[in-house]
Amino acid sequence: MPRFGMVIDTRKCVGCMDCVVACQTENDVPAGYCRDWITTEVRGEFPALKMEIRSERCNHCDNPPCVSCCPTGASHVADPGRVVLVTANKCIGCKACIAACPYDARFVHPKGYVDKCTFCHHRTKDGLDPACVAVCPTHCMAFGDLDDPASTVSTLLRTRAHHALLPEAGTKPRIFYLT
Amino acid sequence: MLETTITRSNPLVDPSLAVWSWEIPVYLFAGGIVAGMMILGGLAMLRIAKGDDPRTFFSLHTPLFAFMLINVGMGALFLDLAHKLYVWRVYLTFQPDSPMSWGSWVLLVVYGALMASALVRLPQAWPWLGRRVPVLQTLSDAITGSPGRMRLLGWANILLGAGLGIYTGILLNTMVARPLWNTGLLGPLFLVSGLSAGAAAMHVASVFLPRRPAPEGMLGGAISALVQQLGPEPPERRTVDTLIRADIAFLAIELVLLGLVVVNLQTSSASHAVAAALIVSGPYAWAFWGVIVALGILAPLALQWLELDHRIPHTVLPALLVLVGGFALRWVMVNAGQASHIVHAAGL
Ligand code: SF4
Ligand code: SF4
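For the record, the sequence lines run as chains L and V.
So that you can map any letter, position 49 of the first sequence is 49 in the numbering used here, and since no number is skipped, the others follow by simple counting.
Just so we're on the same page, the numbering used here is the position in the second sequence counted from 1, plus 179.
Simulated from the structure, these hints should not be mistaken for lab results.
The C-beta atom is built at its ideal place from N, Cα and C for all residues, glycine as well.
Check the hints yourself; a few may be wrong.
Partial list, computed: chain V residues near chain L (C-beta under 10 angstroms) [to be verified]:
id, residue
1, 192
2, 199
3, 260
4, 354
5, 481
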């Protein structure tokens with residue numbers, strides 16, 4: 001079974017937010033909410049400044065605290081891809097998973113259940129890329145099987161310097177940022 | 180320097196997490212008091228099993244009061260749920276990794292034990308029911324009349340009360356994303372705070388609730404069974420003094436545990452130290468020092484000490500302060516905990 005992950009080139013990303021809008025359209029995300037977002041980080045002291053622009057979303061962690069804390073099993077790991085999903089009609093809206101996620105990737109859908117990025121499960125199970133990846137005008141995102149050494153994501157991780165977000169949380173995130 | 184801009188603005192999540200409002204502190208507070216009452220009530224049951232008068236204050240009255248409170252707590256918990264119609268899903272599964280799943284099942288067992296304990300008292304508090312449903316009277320007599328059964332019920336109350344008290348802390352404790360909650364001392368702290376709040380609540384009840392013989396009728400009896408747990412006898416002086424003595428010990432332990440929580444966080448990672456600063460010197464400092472420590476622990480400690488020494492008259496004030504402090508503890512921990520997050524090393 002594949003283990004889906006994403007590799008995002010921060011040297012190419014310009015923060016245009018196409019991925020955000022593509023996700024909202026593709027997944028019918030309610031107005032005022034987002035499943036993915038843009039983070040811009042500026043570090044250092046002027047003039048020695050360094051900027052990183054990142055397209056962020058649920059990291060579909062290998063060790064997801066949102067899944068282990070869920071009292072109903074609504075938050076679960078699904079195949080293909082070992083992605084982290086929420087079954088709406090099992091979710092009681094206790095919000096434990098929202099508090100447990102170090103990336104604040106989840107939110108309460110206006111209908112009451114908890115919602116978040118699915119890596120576009122409806123597309124990826126048919127072999128398509130997630131909407132955000134497909135729409136990116138700079139082609140800064142790659143999606144694929146992290147366990148397949150020949151996949152684009154694995155090749156990029158082998159050949160380029162990269163980092164993940166808050167690795168110290170122990171969640172083993174599966175989105176990597178090329179630097 | 181690190182400057183971060185995020186385009187996300189999801190309600191209840193941004194700018195800082197606020198998914199849990201007043202309902203969860205109320206639930207944790209009610210749960211804490213119930214836990215404390217179960218332990219105190221259980222101890223009283225053990226005394227009765229040894230031959231104490233079963234009609235003494237807070238022996239059989241505690242479960243009835245605790246039973247009412249657990250309903251308040253569970254009501255608050257239900258109000259917090261965002262997808263209420265699906266609440267039954269919790270009881271179709273058991274998720275061993277989820278503290279909340281454990282808590283849901285523990286609540287069910289606690290509910291049953293409290294109901295059984297309350298039923299023992301009910302025919303006496305509500306004579307009409309006792310006459311109409313004689314089996315209740317028989318059941319009540321069968322339990323109060325047998326030291327063995329009384330002991331069993333007592334131990335069930337003590338163990339379940341301890342479990343419930345610790346659980347309310349563990350629930351928060353396991354979330355790595357919120358550093359303020361990442362201390363194993365939270366469980367014991369909430370347990371001891373629950374014990375002091377439980378003793379205080381019984382103290383307040385003993386002063387405020389009417390002490391008339393229970394009305395005989397159906398309706399009057401039902402209402403009095405709900406509000407007049409204390410029955411015809413006022414609490415004995417000895418019992419009140421015992422409650423006060425116990426409360427002094429609980430408050431002292433709570434103060435030590437609170438200090439250890441702060442030291443524990445401040446000497447951990449940067450994220451934990453920043454989280455501790457939220458309550459020690461940050462936006463929650465006034466509530467932490469002013470309400471939890473000064474009003475909720477130090478003031479009642481001093482007042483109760485003077486009361487026992489007969490230097491000031493007994494009042495209900497210390498007990499009320501303990502209750503205020505107990506609620507403030509949950510309120511601060513839930514809110515400041517949500518505001519705490521893992522700190523980026525470069526941002527320090
Ligand atoms: S990023 Fe958050 S929501 Fe997504 S899998 Fe990890 S912990 Fe769960
Ligand atoms: S809010 Fe829903 S998905 Fe999240 S932990 Fe509770 S039941 Fe599970």
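Against the structure, the hints come out as follows:
1. 192: 5 angstroms, holds
2. 199: Cβ of residue 199 of chain V sits 7 angstroms from chain L, so the hint holds.
3. 260: Interface hint status for residue 260 of chain V: holds (5 angstroms vs cutoff 10 angstroms).
4. 354: Cβ of residue 354 of chain V sits 5 angstroms from chain L, so the hint holds.
5. 481: 37 angstroms, violated
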